[in-house]
Amino acid sequence: MNPLTLGVLYGVVTLLVMFSGMPIAFALGTVATGFMYFLMPAASLDTITQNVYEEMASITLLSIPLFILKGAAIGKSAAGRDLYSAIHAWLHKVPGGLGIANVFACAMFAAMAGSSPATCSAIGSAGIPEMRRRGYSPGFAAGIIAAGGTLGILLPPSITMILYAVAAEQSLGRLFLAGIGPGLLMVLLFSGYAVYRARAEYTQAYRAYQQTGTHSAYLEQEHFTLAQKMEMLPRVLPFVILLIGVMVALYGGYATPSETAGLGALLAMALIALVYRVWRPSEIAPFVTSTIKESTMLLLIIGMSLLYSYVMSYLHISQSAAQWVVDLHLDKWMLLCVILLMVVVFGFFLPPVSIILMMCPIILPPLRAAGFDLVWFGIVMTIVMEMGLIHPPVGLNIFVIKNIAPDIPLKEIVWGVLPFLLLMLLAVVLLSLFPQIATAFPDMIMGGQ
Amino acid sequence: QGVTLKISHQFPGGTLEEGDFRDRLCRMFAAEVQKRSNGGLKFEIYPGSSLMKTNAQFSAMRKGALDLSLVPLSYAGGEVPEVNIGLMPGLVPSYETGAAWKNAEVGKELNRLLLDKGIVLVSWIWQAGGVASRTKAVVEPDDVKGMKIRGGSREVDLMLKAAGAAVVSLPSNEIYAAMQTGAMEAALTSSTSLISFRLEEVSKFLTSGRGQSYWYMFEPLMISKAVFDRLTKEQQNIIMTVGAELEAFAIKAAKQDDLTVASVYEKKGAKVADMNAATVKRWQAIARTTAWKDYADKNENCAKLLKLAEKLL
Amino acid sequence: MSHGFEMTPGKTVPLPAHPVLRMLATGLHWLNRWIIRLSMIAMLLTTLILTYSVISRYLFRVPTDWQDEASVFMLIGVTFFSAAYVQSYRGHIGIEVLSSLLSPAVNRWRLLLVDLLSMAFCGFFTWKSWTLFYEAWIDGQTTSSTFAPPLWIPYAMMAAGMTLLTLQLLIQVLDALTVLAMPATSTTFTGQPAVAGQAARGEKA
Ligand code: NA
Ligand code: NA
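As given, the protein sequences belong to chains A, B and C, one line each in that order. Counting along the first sequence from 1, when you hit position 84 you're at 84 in the numbering used here, and nothing is skipped either side. Counting along the second sequence from 1, when you hit position 85 you're at 85 in the numbering used here, and nothing is skipped either side. Counting along the third sequence from 1, when you hit position 116 you're at 116 in the numbering used here, and nothing is skipped either side.
Some clues are possibly wrong.
Said to hold, decoys possible - Some chain A residues near chain B, calculated using beta-carbon distances under 10 Å:
id, residue
1, S58
2, A167
3, A168
4, P257
5, P409
FYI, nobody ran anything at the bench for these hints, they're computed from the structure. A virtual CB, placed ideally from N, CA and C, is assigned to each residue, including glycine.
With the hints as extra help, turn the sequences into a complete structure.
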């Protein structure tokens with residue numbers, strides 16, 4: 001069987017197994033092991049556990065639970081509630097203000113964490129209930145958090161950019177800086193959409209009220225005096241202290257990136273212990289337990305996805321697909337389109353970490369030959385991979401939201417993230433038309449290449 | 001008709017003519033063996049750990065799940081302690097000494113040991129390394145006192161600690177970020193990695209390995225014995241011959257990288273220093289009582305290998 | 001929609017009807033709760049270790065070269081040991097579009113098949129983890145760092161965790177089988193999520 005046919009078979013079988021309802025982690029592992037059994041040397045089966053272990057046993061990857069813990073300590077305690085009441089008091093007059101606040105909160109957390117699901121979890125655990133309480137439709141609330149969470153790997157620091165920089169032999173500093181402009185662009189796009197959608201939902205709620213008398217939280221009139229607003233400001237303090245503390249540790253050279261993950265989690269817990277007196281084991285247990293549940297689920301998926309991509313590499317599926325693309329001798333921009341399409345296809349099955357490790361060595365040489373700036377491409381690829389995080393079947397951020405808000409049906413989440421997928425696509429187009437969005441900032445700071 | 005073998009390595013992928021010399025060597029090896037075996041042996045090359053994690057390669061070869069790999073031998077030090085000799089500071093002071101290993105007693109012993117573990121050495125490749133630093137030049141042992149520095153292996157770390165350094169351990173993909181923020185001041189690594197990690201952007205000083213160094217790393221091209229044994233005698237001969245022939249290319253390319261790294265850092269405005277024989281000797285003296293001793297104490301094989309290697313000094 | 005999301009974990013994990021299975025499930029449940037307690041401690045310890053290494057380097061200029069690996073070991077342990085607990089309330093997320101399309105009876109068979117396949121895979125993975133552990137133990141393998149802790153520690157945690165996970169799946173499979181073998185009681189099915197439904201039905205039966 002030629003590798004491309006094999007690839008199609010691999011994909012189809014995977015979709016079948018996943019849509020049968022098998023947990024994603026086991027589905028990836030089962031399909032990989034099955035293909036291994038039939039198509040690879042028997043000795044390969046002896047290496048699966050070591051492969052999974054080697055892939056998982058990196059402090060870069062294992063910092064994900066610590067980032068989630070940091071987010072949960074704030075988001076699942078009274079600190080998160082206070083933070084949101086303060087934001088609400090200040091922004092309730094702005095249509096979609098709470099949505100915008102959540103996008104910004106995601107961006108801020110993204111600047112402290114290198115992983116998207118962790119960002120999604122951190123902000124979503126308080127943000128989604130809060131938005132729904134204020135009348136936002138569940139799909140909209142889920143969409144904002146899912147999409148905002150993806151900023152985790154676009155804004156520095158970023159686990160996938162670290163891996164990309166090594167594979168592409170590009171400057172990590174330049175890559176990190178190049179992510180900032182597009183990150184802000186996406187914050188802008190998401191916020192704009194939040195305003196538009198909140199207005200639409202408000203109008204709808206208002207009409208429903210006029211016609212049938214149905215009440216919606218959107219319609220509640222609230223007034224805060226300036227004194228009340230000022231009173232609420234100190235409540236933002238724990239979050240600000242955490243933000244500054246982690247930034248100083250990370251960018252001031254006090255801690256290595258992985259140490260920052262642990263330090264940040266501890267700082268967050270120290271803050272809620274001091275400010276909110278949350279320190280008893282019985283009070284800490286709920287959010288630590290939820291952190292463990294969530295990260296176990298995520299890490300097993302990531303670990304098995306690496307096994308899955310190993311089989312894909314071994315059977316030469318990804319390499320043959322790339323070779324096939326190169327042999328088409330497309331012009332520069334068609335090549336880019338086809339390669340990004342490949343990233344999208346792999347995004348159906350794999351999280352960003354596995355996509356980077358498997359694809360970079362194959363797709364970068366033709367792109368380099370075509371004259372693309374690989375720093376710019378790294379950013380574009382990151383955004384395309386972010387899209388993979390919020391669409392099924394393997395969309396880590398969707399799984400996180402399923403964990404935070406189990407009662408929102410998958411269908412509503414998918415409809416909710418769809419507009420954001422389009423906005424990300426728009427960001428990719430804008431970035432292709434105006435590469436300066438990514439390159440201007442690093443050029444300014446580090447000088448042109 | 002025809003066997004396809006897989007070569008895995010961790011270095012950036014390129015072409016026959018361009019890119020990381022270790023990737024080029026694999027490609028040259030593949031092309032030449034394919035030609036001489038009249039297509040009986042074909043190869044698929046997986047650069048950049050795109051097949052499996054760097055640390056999984058050695059063990060996969062031993063089990064016959066991976067055919068060939070070009071990897072720093074000392075990475076397998078946790079599995080087979082003897083191979084730590086592949087990155088023993090001060091034990092190899094020049095490319096010439098490294099090249100002499102293959103046919104000397106130490107090489108024969110290493111060969112025997114690896115055969116016993118299921119690995120056949122195909123091409124003997126050594127590479128020099130140096131130090132990139134952001135705070136001050138690291139040439140003499142006294143320079144590292146109190147410095148936050150990454151040695152990158154147990155043996156090198158032991159030597160650095162004895163010299164008074166505050167050794168930092170972190171994954172190689174975090175070196176850049178740590179150097180940038182100052183969480184780490186200096187790093188020891190191979191000339192090629194000094195470039196591919198782009199440390200010149202965050203360094204002000206370089207101690208180059210051109211000419212002389214106390215840091216030489218053994219990174220051979222290896223084949224799984226289980227796989228090797230399944231090939232015909234003729235195919236085995238072709239593999240070993242081509243492997244040996246490429247060693248000259250490896251030395252030339254490694255030396256070229258030693259020069260390139262210096263010019264890359266100079267261009268970025270870093271101060272470049274070189275090591276002389278006396279400097280190497282001073283580091284060697286520290287390594288002898290720390291890293292060497294630690295290694296020899298591991299087991300009889302280690303002690304024996306070290307003794308045989310010392311004969312070449 | 002999807003099975004298991006709606007349950008508060010820990011307290012309302014459904015128990016099988018069959019007395020032997022019920023005992024096994026209760027035992028595993030008890031074990032899981034202790035594991036979660038330990039995991040919480042391990043997690044907090046990890047944050048302390050990483051913070052300590054920052055502090056010791058800056059305040060005392062004493063470097064730590066073990067913090068990364070100690071953290072990796074702990075978090076590997078937390079991940080694998082908690083896998084069974086997460087499975088006990090079906091927190092390993094899957095795509096449940098079929099459940100709303102198929103009839104409850106067909107869904108039960110589908111879930112059984114899915115569980116069987118999951119169990120087969122996890123069983124295989126468990127077996128290979130124990131082999132890995134055995135090799136590391138016999139050869140005295142360590143990581144290749146300066147700290148060089150023995151590799152059998154994380155391998156053993158991976159193997160033990162996967163063993164518990166397989167056991168958890170086995171209980172769930174057997175539970176589904178005993179329920180399927182009692183067609184007479186199927187009228188009490190209350191339309192709850194499939195698996196919780198099976199167990200809830202069992203408890204009523
Ligand atoms: Na980030
Ligand atoms: Na996806």
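Here's how the hints hold up against the structure:
Interface hint status for S58 of chain A: upheld, as the beta-carbon distance to the closest one in chain B is roughly 6 Å, under 10 Å. The interface hint given for A167 of chain A is met, as the beta carbon of that residue sits about 5 Å from the closest beta carbon of chain B, less than 10 Å. Here the hint on A168 of chain A is kept, as its CB sits about 8 Å from the closest CB of chain B, short of 10 Å. At about 5 Å, the closest approach between the beta carbon of P257 of chain A and any beta carbon in chain B falls short of 10 Å, and the interface hint on this residue holds.
Hint on P409 of chain A is violated. Least Cβ distance to chain B is approximately 38 Å, over the 10 Å limit.
Of the hints listed earlier, the one the structure fails to meet is number 5.
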